[in-house]
Amino acid sequence: MARRGSYAKGIAKREEILRTALAVIAREGYHGASVKELAEAVGLSQAGLLHYFDSKDELFVEILRTRDEIDLADHAEAAGADLDDLRDGYLDIVRHNAQVPGLVELFTRLAADAADPEHPSRAFFAERSAGLRDRWAATIAEAQAAGRLRAGIDPVLAARLLQAVSDGAQMQLLVEPELDMAALIETLFDLLQAPAQRAAASSGRTEA
1 MARRGSYAKG
11 IAKREEILRT
21 ALAVIAREGY
31 HGASVKELAE
41 AVGLSQAGLL
51 HYFDSKDELF
61 VEILRTRDEI
71 DLADHAEAAG
81 ADLDDLRDGY
91 LDIVRHNAQV
101 PGLVELFTRL
111 AADAADPEHP
121 SRAFFAERSA
131 GLRDRWAATI
141 AEAQAAGRLR
151 AGIDPVLAAR
161 LLQAVSDGAQ
171 MQLLVEPELD
181 MAALIETLFD
191 LLQAPAQRAA
201 ASSGRTEA
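Take 1 as the starting number for the sequence shown in full-length UniProt numbering and just add one per residue.
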């Protein structure tokens, strides 16, 4: 029983570390989130902090995983099968992330590190990309069948294009802080619309 209680406390402390780390990165930026700073924020030594993770690299990967989990919980519609829900939910996430460039930098740095097969971020990004791609491709295929998105485009390729634009926009944001990432994603959704849908949307904007 004592062992089970100790394990539960360890899990709770790990979650506290990850959520505190997210807040520190959002507030101080990526460079203000050293292991020393994060350890102090949760009242631990650096060694004590890393006791809960295999390495500093794993710590930062888990911080990013926690961010994804929170984003999905706050914007559950982004994982839905309905095109409008996916679009609106994902755009909300993109707009939120643009307000925390420290987390955007963490994402882009770990994405680059994922090129190394031995880096902890490799498995995370492979799993993350496949999961997003599968959900988006399924939603895109259903929207095509309903005549809402252009036919003749492979849904998987369209999902990959959405991923590429999204990931690339985050890299551009670090160099051009004024970049409107959501506008880029929204434009891509517009380009994928079926001609009739695009005409109706354009007419609605004109009348407004």
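Since the hints were derived computationally from the structure, they do not count as laboratory data. For every residue, glycine included, the Cβ atom is placed at its ideal position computed from N, Cα and C. Misleading hints may appear alongside valid ones.
Lysine to any residue pairs mimicking SDA-like chemistry, simulated, CA-CA at most 25 Å apart [stated by the list, open to error]:
(1) 56 to 145
(2) 13 to 98
(3) 9 to 43
(4) 9 to 36
(5) 36 to 26
(6) 13 to 68
(7) 56 to 44
(8) 56 to 22
(9) 9 to 83
(10) 13 to 42
(11) 36 to 111
(12) 9 to 29
(13) 56 to 45
(14) 13 to 40
(15) 9 to 31
(16) 9 to 66
(17) 13 to 73
(18) 56 to 83
(19) 9 to 62
(20) 13 to 47
(21) 9 to 56
(22) 56 to 75
(23) 56 to 31
(24) 36 to 65
Here are the in silico distance ranges between beta carbons for each label pair [stated by the list, open to error]:
(25) 153 to 9: 47 to 57 Å
(26) 11 to 47: 28 to 38 Å
(27) 23 to 163: 52 to 62 Å
(28) 9 to 178: 37 to 47 Å
(29) 10 to 40: 16 to 26 Å
(30) 37 to 194: 45 to 55 Å
(31) 40 to 187: 41 to 51 Å
(32) 72 to 47: 15 to 25 Å
(33) 131 to 190: 23 to 33 Å
(34) 56 to 194: 45 to 55 Å
(35) 117 to 72: 20 to 30 Å
Now for the hints, and whether the structure bears them out:
{"no.": "1", "hint": "56 to 145", "verdict": "46 Å, violated"}
{"no.": "2", "hint": "13 to 98", "verdict": "29 Å, violated"}
{"no.": "3", "hint": "9 to 43", "verdict": "15 Å, holds"}
{"no.": "4", "hint": "9 to 36", "verdict": "22 Å, holds"}
{"no.": "5", "hint": "36 to 26", "verdict": "16 Å, holds"}
{"no.": "6", "hint": "13 to 68", "verdict": "19 Å, holds"}
{"no.": "7", "hint": "56 to 44", "verdict": "15 Å, holds"}
{"no.": "8", "hint": "56 to 22", "verdict": "15 Å, holds"}
{"no.": "9", "hint": "9 to 83", "verdict": "41 Å, violated"}
{"no.": "10", "hint": "13 to 42", "verdict": "9 Å, holds"}
{"no.": "11", "hint": "36 to 111", "verdict": "23 Å, holds"}
{"no.": "12", "hint": "9 to 29", "verdict": "29 Å, violated"}
{"no.": "13", "hint": "56 to 45", "verdict": "14 Å, holds"}
{"no.": "14", "hint": "13 to 40", "verdict": "14 Å, holds"}
{"no.": "15", "hint": "9 to 31", "verdict": "29 Å, violated"}
{"no.": "16", "hint": "9 to 66", "verdict": "18 Å, holds"}
{"no.": "17", "hint": "13 to 73", "verdict": "21 Å, holds"}
{"no.": "18", "hint": "56 to 83", "verdict": "38 Å, violated"}
{"no.": "19", "hint": "9 to 62", "verdict": "18 Å, holds"}
{"no.": "20", "hint": "13 to 47", "verdict": "14 Å, holds"}
{"no.": "21", "hint": "9 to 56", "verdict": "21 Å, holds"}
{"no.": "22", "hint": "56 to 75", "verdict": "29 Å, violated"}
{"no.": "23", "hint": "56 to 31", "verdict": "14 Å, holds"}
{"no.": "24", "hint": "36 to 65", "verdict": "21 Å, holds"}
{"no.": "25", "hint": "153 to 9: 47 to 57 Å", "verdict": "51 Å, holds"}
{"no.": "26", "hint": "11 to 47: 28 to 38 Å", "verdict": "19 Å, violated"}
{"no.": "27", "hint": "23 to 163: 52 to 62 Å", "verdict": "27 Å, violated"}
{"no.": "28", "hint": "9 to 178: 37 to 47 Å", "verdict": "45 Å, holds"}
{"no.": "29", "hint": "10 to 40: 16 to 26 Å", "verdict": "20 Å, holds"}
{"no.": "30", "hint": "37 to 194: 45 to 55 Å", "verdict": "50 Å, holds"}
{"no.": "31", "hint": "40 to 187: 41 to 51 Å", "verdict": "43 Å, holds"}
{"no.": "32", "hint": "72 to 47: 15 to 25 Å", "verdict": "32 Å, violated"}
{"no.": "33", "hint": "131 to 190: 23 to 33 Å", "verdict": "25 Å, holds"}
{"no.": "34", "hint": "56 to 194: 45 to 55 Å", "verdict": "48 Å, holds"}
{"no.": "35", "hint": "117 to 72: 20 to 30 Å", "verdict": "27 Å, holds"}
The structure does not agree with the numbered hints 1, 2, 9, 12, 15, 18, 22, 26, 27, 32 stated previously, though it agrees with the rest.
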